[in-house]
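Numbering (our numbering), first residue to last: 1 to 308.
Hint data in this document are derived by calculation from the structure and do not stem from the laboratory.
Fair warning: there could be bad hints in the mix.
To be verified - Calculated lysine-lysine pairs in the PhoX-like style (CA-CA distance at most 25 angstroms, straight line):
hint, residue 1, residue 2
1, K209, K241
2, K209, K227
3, K209, K120
4, K209, K191
5, K209, K100
6, K105, K241
7, K39, K120
8, K60, K40
9, K3, K120
10, K209, K3
11, K76, K100
12, K100, K191
13, K225, K192
14, K223, K191
15, K223, K209
16, K192, K223
17, K3, K76
18, K241, K227
19, K120, K223
20, K242, K209
21, K60, K105
22, K105, K209
23, K3, K60
24, K39, K76
25, K3, K105
26, K105, K191
27, K191, K241
28, K191, K242
29, K120, K105
30, K76, K40
31, K120, K192
As the list claims (entries may be wrong) - Pair by pair, the computed Cβ-Cβ distance ranges are:
hint, residue 1, residue 2, range
32, T224, A256, 20 to 26 angstroms
33, S119, W13, 31 to 37 angstroms
34, T262, C44, 38 to 44 angstroms
By construction, the Cβ of each residue, glycine as well, lies at the ideal position given by its N, Cα and C atoms.
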Amino acid sequence: MAKYVPDITSDRWVIIADGRDARPDENKEKDAVEIDNTKKCPFCPGNESMTTEEVYRVGKGHGVENGWEVRVIPNKYPITDIHEIIVHAPCEDDLHHLPKDHLIKIFQTYRNRYNQHSSKGQVVIFCNRGEHAGASIEHPHSQLVVLPDQINISTLSLETIDNIVEQNDDFTLFCPDFSQWPYEAWLSSAKKDSVFGEVTDDEIESLVKMYTRLMERLENIHKTKNKTGREFSYNFYIYPKKNWYIRIIPRFVYRAGFELGTGLSVNPYDPADVAADLRGEVEDYSCKTQEDEVVRLKNKLKALGIEE
């Protein structure tokens, strides 16, 4: 049972989930002097009996039978009372390396599980990919957590749309001026006041195409821009309320004492430059004039409805 502890001075909450300490950590095992080569991945086909009881699947069979394409199981080490794992595929390919048709099935699963739990609280869907992003099991998967409605979460509301990378009738991909992380990108729905559970199959197909192009580009940029020396890692989450979006945070840098001690973020890349890079453009922003910057800021104020 999750324990919620409030901080009355800041209206923030901490979740005490002491069972999480027992979860397996494949990354720690890799660093050990001796590795048990017989250890099996619970998310791989043939090992279905190693997990909790399946609650949803896409594909053939059910329960511990093989034949699944996407599989959903309760987390053995939950953060909250409702905490699910969404295993993307039988193979260990990353999301943007999977065939488009399969990726569509994963996002449809996100939507279906969101709607399954939306009446029970705030549904947060997120993915930690890679050791640097906090993944303890290598086999790619996402997670769904339900938080009670009375718990205040500090997830950012939709930012003003600046530095557009790509746009169509359904979605806008952009890099907010407020970007806290290098090469952070947001993918927002064009539907005002909609929640993620309302996304249609056609919109999911459009989203998948945009998401795949972004992640392929980020993975390529990571080869020269990352400061960690680690594999391509990232986090993303789906905003749980109205005016939903997907926030993608590639882990190009570490966070250190200054950020932890002040709550401030240091981003070494201007989001305008990042957007140009993600569009595949080469532009020397150092040559921009003061007049160019004034025009950009005036346009931003206008978008916010603020008079000069």
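Here is how each hint holds up against the structure:
1. K209 x K241: Holds, because 23 angstroms separates the two Cα atoms, which is no more than 25 angstroms.
2. K209 x K227: violated, 28 angstroms
3. K209 x K120: violated, 31 angstroms
4. K209 x K191: holds, 18 angstroms
5. K209 x K100: holds, 8 angstroms
6. K105 x K241: Status holds; Cα separation ~22 angstroms.
7. K39 x K120: violated, 37 angstroms
8. K60 x K40: holds, 23 angstroms
9. K3 x K120: holds, 17 angstroms
10. K209 x K3: violated, 40 angstroms
11. K76 x K100: Violated - the C-alpha atoms of K100 and K76 are around 30 angstroms apart, more than 25 angstroms.
12. K100 x K191: Holds, at roughly 23 angstroms.
13. K225 x K192: violated, 35 angstroms
14. K223 x K191: violated, 35 angstroms
15. K223 x K209: holds, 22 angstroms
16. K192 x K223: violated, 37 angstroms
17. K3 x K76: Roughly 17 angstroms separates the two Cα atoms, so the pair holds.
18. K241 x K227: Between K241 and K227 the Cα gap is close to 33 angstroms, so the pair fails against 25 angstroms, i.e. violated.
19. K120 x K223: Violated - the C-alpha atoms of K223 and K120 are around 42 angstroms apart, more than 25 angstroms.
20. K242 x K209: Satisfied, since the Cα-Cα distance of roughly 23 angstroms is no more than 25 angstroms.
21. K60 x K105: With a Cα-Cα distance of about 14 angstroms, the restraint between K60 and K105 holds, given a limit of 25 angstroms.
22. K105 x K209: OK: K105 and K209 at ~13 angstroms, within 25 angstroms.
23. K3 x K60: violated, 38 angstroms
24. K39 x K76: Holds, at about 18 angstroms.
25. K3 x K105: violated, 34 angstroms
26. K105 x K191: holds, 22 angstroms
27. K191 x K241: holds, 13 angstroms
28. K191 x K242: Holds. K191 to K242 sits at ~10 angstroms (cutoff 25 angstroms).
29. K120 x K105: Given pair K120, K105 holds - Cα atoms ~24 angstroms apart, limit 25 angstroms.
30. K76 x K40: holds, 16 angstroms
31. K120 x K192: holds, 23 angstroms
32. T224 x A256: 20 to 26 angstroms: Given range 20 to 26 angstroms: holds, Cβ gap about 22 angstroms.
33. S119 x W13: 31 to 37 angstroms: Between S119 and W13, where Cβ atoms are some 21 angstroms apart, the hint is violated.
34. T262 x C44: 38 to 44 angstroms: For C44 against T262, whose Cβ atoms are near 43 angstroms apart, the range 38 to 44 angstroms holds.
Checked against the numbered hints listed earlier, the structure breaks hints 2, 3, 7, 10, 11, 13, 14, 16, 18, 19, 23, 25, 33; every other hint is satisfied.
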